[in-house]
Amino acid sequence: MTKNRGTSKKSWRFGALVFLTVGTVLAGSAWSVSTTARDVFLFREAEEIPIIAGGNMDRIPALMRGNRPAATTSLIDKTPARKKPPRMCEMPEDYFETLDLEPQRNPGYDKRNAYVRKFRDRRGFLTEREMTAARVAWKYFELFTQEDTGMANAVGNFPSTTLWDTASYIAGLVAAYELCIIEKPEFDKRIMKLLTTVKGLSLFRKEMPNKVYHTKTGSKVDYTNKPGEIGFSALDIGRYLVWMRILKNRYPYLGNTIDSTLLKWDYSNIMDSEGVMFGAFVDKETGETVYAQEGRLGYEEYAAKGFALWGFQPRLAHRAEPFLTASIFGVQVPYDGRDPRVFHSQNYVVTESYLQDGLELGWNMPHDDSSPEWLHTDGWRAEFADRIYQVQENRWRQTGFMTARSEHNVKGPPYFTYDTIFSDGYPWNTVTPRGDYVPDHAAVSAKAAIGLWALWDTDYTDTLYDAIIELYDPERGMFEGLYERGQGRVEIFTANNNGIILTSLLHKVQGTILTSFAGETEVWFTAFRDQDIRVKRNMPDPPTKTDWLPALRHSVQTEAEF
Amino acid sequence: MKNSLFITAAVMALGFATPVWSQAEGPAAFTSENAILDTGIPFAIGAREAQQNLRGSFGWSTFQEGLVEGVYFRFDPDGYARFSPSPRLDTDVFEVICRPRTYSCMARKDNLSVIPLNNGKIQLKLEDVRPGDSLFLADASSELQLPERILQPLEFQFETLLSAGGNLIVRRGDKEIVKTSLSGFGAVVPYLRWITARQDYTVLPRNWPVPNAQGSADGAITNATGWASPMPQPQAIQQVGPGAQYAAATPNNGLDQVKDDLQELKSLLAERSNNNDTAVAAVAAAPSPQDRTAQLETAISQLMAEVKMLRQGSVTPENAPTTAAAAPATRLWSDPVQIVPAVNKPADQAQAAAAAPPDLTLSEPMAAQALPSEVDHLNYLINEMGLAPKTAMILMQIVGNDASDTAKIDPIERSYHDSLAMTILNELERDLAASPAAEVSVDNQPLMHEKKMAASSDGQASSAEQGQLVQQLSSENIMIDAPPNMDAPIQDTTMVNVKPESTGPAVSDAKVDLSRDEYQPLTAYFKSVIEGDN
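Protein sequence lines, in the order shown, are assigned to chains G and H.
Residue 275 in the working numbering sits at position 275 of the first sequence, and the numbers go up by one each step.
Residue 590 in the working numbering sits at position 28 of the second sequence, and the numbers go up by one each step.
Treat the hints as calculated values from the structure; they're not laboratory data.
No residue lacks a Cβ here, since even glycine has one placed at the ideal position from N, Cα and C.
Sample of chain H residues with no beta-carbon within 12 angstroms of chain G, all distances over it, derived: (1) 674; (2) 723; (3) 729; (4) 738; (5) 864.
To give a feel for the contact side, a few chain G residues facing chain H, derived at Cβ under 8 angstroms: (6) 155; (7) 212; (8) 225; (9) 345; (10) 346; (11) 436.
Simulated restraints, written as ranges between beta carbons of each label pair: (12) G/285 x H/653: 29 to 39 angstroms; (13) G/337 x H/607: 27 to 37 angstroms; (14) G/285 x H/760: 20 to 30 angstroms; (15) H/693 x G/292: 55 to 65 angstroms.
My request is simple: use the sequences and hints to build the entire structure.
Here it is as structure tokens:
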């Protein structure tokens, strides 16, 4: 028998060779097939997107940037913008039946962090009681507006005012016109006089409007109403900017006057590159200007939106952080986390700033001009506002104290109190600006009560309404409030109180006060493009979508926590 | 003085009861005129000025806050303040309010009001307290009954007691009517005084934590003489209690009050020296020259008769009239019959007096009526010292009265008179030094002395006071006027009575060194002059 000692097909070497050969062939084939398939299946022609002049992809130079329209949701998303509602006397009888007021979603945040509240606004025509209150509130401005300057006194017959209170006067003026208390000639006469006076105001160190002005002369004054200058307030200016935007959007014929006023101001120090707002005051020792961060949770975000409505980017000021919460009557009440002992500024929680945001801006983002009324695109603001309402109703239900807290003037020392839900570590803390605890001055604030009534249609606000709606002097306006401890009315009359009450009543008729801008370009954005003034004064360009402030959400409280 | 204080307190109480204490209502309260305090000046060590975040268009942009005497405090430029043991200033609060645009402030807590008075004292006012109610000061373990007079201007001792804290309790029978914590009382009272004194540290208690030389950035180790230390300064007259410093620190109110008190003291002294009423009345109603002539003639005739009697030996020394010093000096004028028989005076001196130089300020009848030595001294007082005739006569009368009056005064009473008189004189000196009149020329000095003398005589000061005044006037005049070469009559008098072996400069030395203790020798000098020892 002969043994074949040639190459055996059963040797391990042969097997390995075959395995490597086959593997290589298969891998090559697979690569070849996949490459071919990718080329076949993913083939498409190279696309060249043309850059349209003035379009989003056109990185146009600064000289031309002002012509670009400000990016809003109606422009970007192609959704219908909110229209200015007709005046109350021009509304058809079935006007409210045609409105889309019912939420289409369940309460809570949506995926874009917009918020749907579980409460409803009050909407409808004003009743006779409400019209009477509106007319009486307007009486204040009829009585205390200075003919020479067109400015209204902030408090009674004391001839001084701030931009915050001037904004309240504008609010009252708009409401009076829209509620058909005054007609257009009266409206135009008053607003033109006021705007031209504001344009001519001597600024604080050629920068921004002084904190206080004498209403008879329009001159800069200090807190004692003597000629002098104090500094400027970013919060006051922010509120004024809100109402300038409301005016300009509602009445475009005022646009040039408004723009020319705002173009006189120097914004270089009022907001830094991070979007923090700064106020200014004069150092007592050196006389130099000192800039200090201004604003606490509530007021800060409201004022920040005022700046954002004019193209500024208050990214940090618009955020809630740093904030903490305090559990009061089962509600996690948010308050500013900056320690008053360190920053020497009280972190008071009051109703007013949340009310103003809701009434005037609908708790919406500054770039939102198209969302339905039941949806609030600045979601956390609406959600926080609900907490502010709920804790006050809970206090009423659990203690019997009717509660609508805000800052308000009082007659006699200490003249002004922050009647807070929470401040400096204490709930229901009524404090003076310097921090003294003055519980005797706790009161149901008239503006807070009517504001809550307008934005929260509940049994509790019905009670507030009954307490306040006839709290007036028919010749001088609505009283500031009703003392909580039974001392009667807070017998003082202010522009802020009457202005907010008129705004609340107007909100019942027209909804969110801010409407969309009907034009395309604005002098505010196009002016001084051929000079360096815009850079020096930190004037913004028309915002693009990338400039929009982010819509955020914070943890939602789903059940009471005690 | 007490009466005046009661009246002041009553007026103040009425003032506080009126509505003027309510502050100006509304924003007008914040006009700059209403600012009475600089919040940049710390009330105590550690206090700081802070700025307020004002949302509105008016208000005080600054305030001051701090901790002192165990209480926290904050105050505004208009003086409105709160003191509380709690940093929130929310419990057990003393509240201070001020009348707009004034330094008139008061503190209040519950039913207790603390009202500062013009003299630096304070007064407590308790509502709902009736006569007969009992007052107690209680702490945790004990209780002390207080007299009702704590509701009158508060004495220093009571103020210290109340400042220690505790509770002020008012009981009606066994029922407790009022219970007020005194926590903060020890800080509020200095604060009220500090306001009234325009933030002057000198009114604060000695142990008060006053910031020292804060703000003096020059870094100087020593200070110029004009530097005003914030610490309490030594006072010329140390009174007891904090009101003493208050008086010095409140120039207008304090001086007025001191003057009022002096006037009150003078009136009290006047009541005590009724004996001098007639004397002053006699001086004030000096007879006319015709009357004087008639009186002189009568006196001469009586003198002649007396001389005649003496020659006849019918009059013994025991029967003779007492000396001029024993008789009231004023009788020199009102009853010359009793004066003229100054038996020790030679008749030629009377004639010399009658031949007095015509340039005498005194009228000739008056000069003739006076004894020769008296005339000399009157001449000296009028011509050399520059006193007015009336003043010179009063001086003579005082000296005449001095010995007998001094002897009559009880030692304790004399000491009391001395202290009162010294106080008055020091106050007057201080007033004069502080007033522009202090800068008048030497030529005006006699006039000032006349005023002092007139003030003294108007007030019917005691003889001790008058003696002191004489001493003072004499020393001052000699210091001012002492001529290097005194003419003969004056020189004789001076040499004989003060230092017989010395001349002019010696007189000056003797007078310059006069002190209060040397007042008796000086009185003796004048007495000897009157008695004609020389």
